[in-house]
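K.L.:
Those protein sequences? They're chains A and B, same order as listed.
Throughout the first sequence, residue numbering follows our numbering, covering 12 to 191 in sequence.
Throughout the second sequence, residue numbering follows our numbering, covering 12 to 191 in sequence.
Please note that the accuracy of each hint is not assured.
Pairs count within a copy or across copies, as identical chains cannot be separated in the list.
To be verified - Each computed SDA-like pair below joins lysine to any residue, with the alpha-carbon atoms no more than 25 Å apart:
#1 64 x 133
#2 153 x 23
#3 64 x 186
#4 137 x 44
These are calculated hints, taken from the structure and not from any lab test.
Remember, it's a predicted structure, so these values are computed and weren't measured experimentally.
There are 2 protein chains.
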Amino acid sequence: MRMETMETYPIQIGSVTRRVPLHEPFPGVRIPLVDFLGDVEFVRAMAQELLPKLPDEVDLLMTAETSSIPLTHELASARELDYVVARKRRRPYMVDPIIQEVDSLTLGAGEVLWLDRRYVERILNKNVVLVMDVVASGGTMKALEKMVNRSGGRVVARVAGFHQGEPDLEIATVAELPQL
Amino acid sequence: MRMETMETYPIQIGSVTRRVPLHEPFPGVRIPLVDFLGDVEFVRAMAQELLPKLPDEVDLLMTAETSSIPLTHELASARELDYVVARKRRRPYMVDPIIQEVDSLTLGAGEVLWLDRRYVERILNKNVVLVMDVVASGGTMKALEKMVNRSGGRVVARVAGFHQGEPDLEIATVAELPQL
Chain A
12 MRMETMETYP
22 IQIGSVTRRV
32 PLHEPFPGVR
42 IPLVDFLGDV
52 EFVRAMAQEL
62 LPKLPDEVDL
72 LMTAETSSIP
82 LTHELASARE
92 LDYVVARKRR
102 RPYMVDPIIQ
112 EVDSLTLGAG
122 EVLWLDRRYV
132 ERILNKNVVL
142 VMDVVASGGT
152 MKALEKMVNR
162 SGGRVVARVA
172 GFHQGEPDLE
182 IATVAELPQL
Chain B
12 MRMETMETYP
22 IQIGSVTRRV
32 PLHEPFPGVR
42 IPLVDFLGDV
52 EFVRAMAQEL
62 LPKLPDEVDL
72 LMTAETSSIP
82 LTHELASARE
92 LDYVVARKRR
102 RPYMVDPIIQ
112 EVDSLTLGAG
122 EVLWLDRRYV
132 ERILNKNVVL
142 VMDVVASGGT
152 MKALEKMVNR
162 SGGRVVARVA
172 GFHQGEPDLE
182 IATVAELPQL
């Protein structure tokens, strides 16, 4: 019964279409709730669209947990690259982690990203592409970029599946998620 | 300097070998710190070992965030299946989520898994295989199984890359992570 009355919105990426539910983060603002976790076909379709946007000279991909992991994994797999995942909680095994605050309009309390120190040498002197499934203000991507810089790497491109509004940094995206 | 003095332990899966650092969760107990996040080659090697352990009659995979996601994605991709990811934090868009406590020996405070209600109909009447990268007590897998049962699905197999000790439920694994 629930799904029959729930409004959905069609999202098409390549030849794959999904009718996704709408989420209302604030009264009167509705956004399509895309879902990269668990939908292999959709993730693959998005990866195919994003692959041409990756520069040739990339050594490593980087993202933040959680929902961007499958897309980053597909891109890394297609390009035979490794990737690094910044965590949103400190993990028990982390030693001397890099801690980076996220300035975000959509999150209330300041979120923090954590990166175990052992990843720093993986980033050092590397050309890094930042990957997200959806970008809004771009706050998470800016925090990732600071982590790359602090680790001695260079961000050579930023890519995302969808953008909501206009992030104030240059990000190659495939489609816009409208506010409805 | 750090890495030269850090003890590592060799892990071989198929033809892929990784020298991983050791983590000391309690004084005198050291465990190899395997890392499925970001290592495409290692994840693929483990997926190849696990694929024969999946039954034929599987409709859906299920896991919990975060580190098990790449392995689950690879297995789902190879079998052309979807998967469901239980979350460790409530997400803002969740409506009427299924909440399941995890009984865990290794975690102090009771952890909780969250599953948005919209996934319930994806699980209903389905044959589900539970996937984890590493199992110790098996508490997370038991919590996932309760979520599947509460959603009207059936768990037909449980698979994991590594086991630590002997979980008290039947889980097909590829290798043991020793306590050193």
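K.L.:
Given identical chains, is residue 137 near residue 44, meaning Cα to Cα at most 25 Å, within a copy, between copies, both, or neither?
P.N.:
between (34 Å within a copy, 24 Å between copies)
K.L.:
One pair to classify: residue 153 and residue 23, alpha carbons no more than 25 Å apart. Within, between, both, or neither?
P.N.:
Intra 28 Å, inter 37 Å, cutoff 25 Å: neither.
K.L.:
Check residue 64 against residue 133 for me: Cα-Cα at most 25 Å, and say if that holds within a copy, between copies, both or neither.
P.N.:
within (23 Å within a copy, 33 Å between copies)
K.L.:
Could you figure out if residue 64 and residue 186 sit no more than 25 Å apart (CA to CA) within one copy, between two copies, both or neither?
P.N.:
Within one copy only: 13 Å inside, 39 Å across.
Against the hints set out earlier in the document, a violation occurs for number 2 only.
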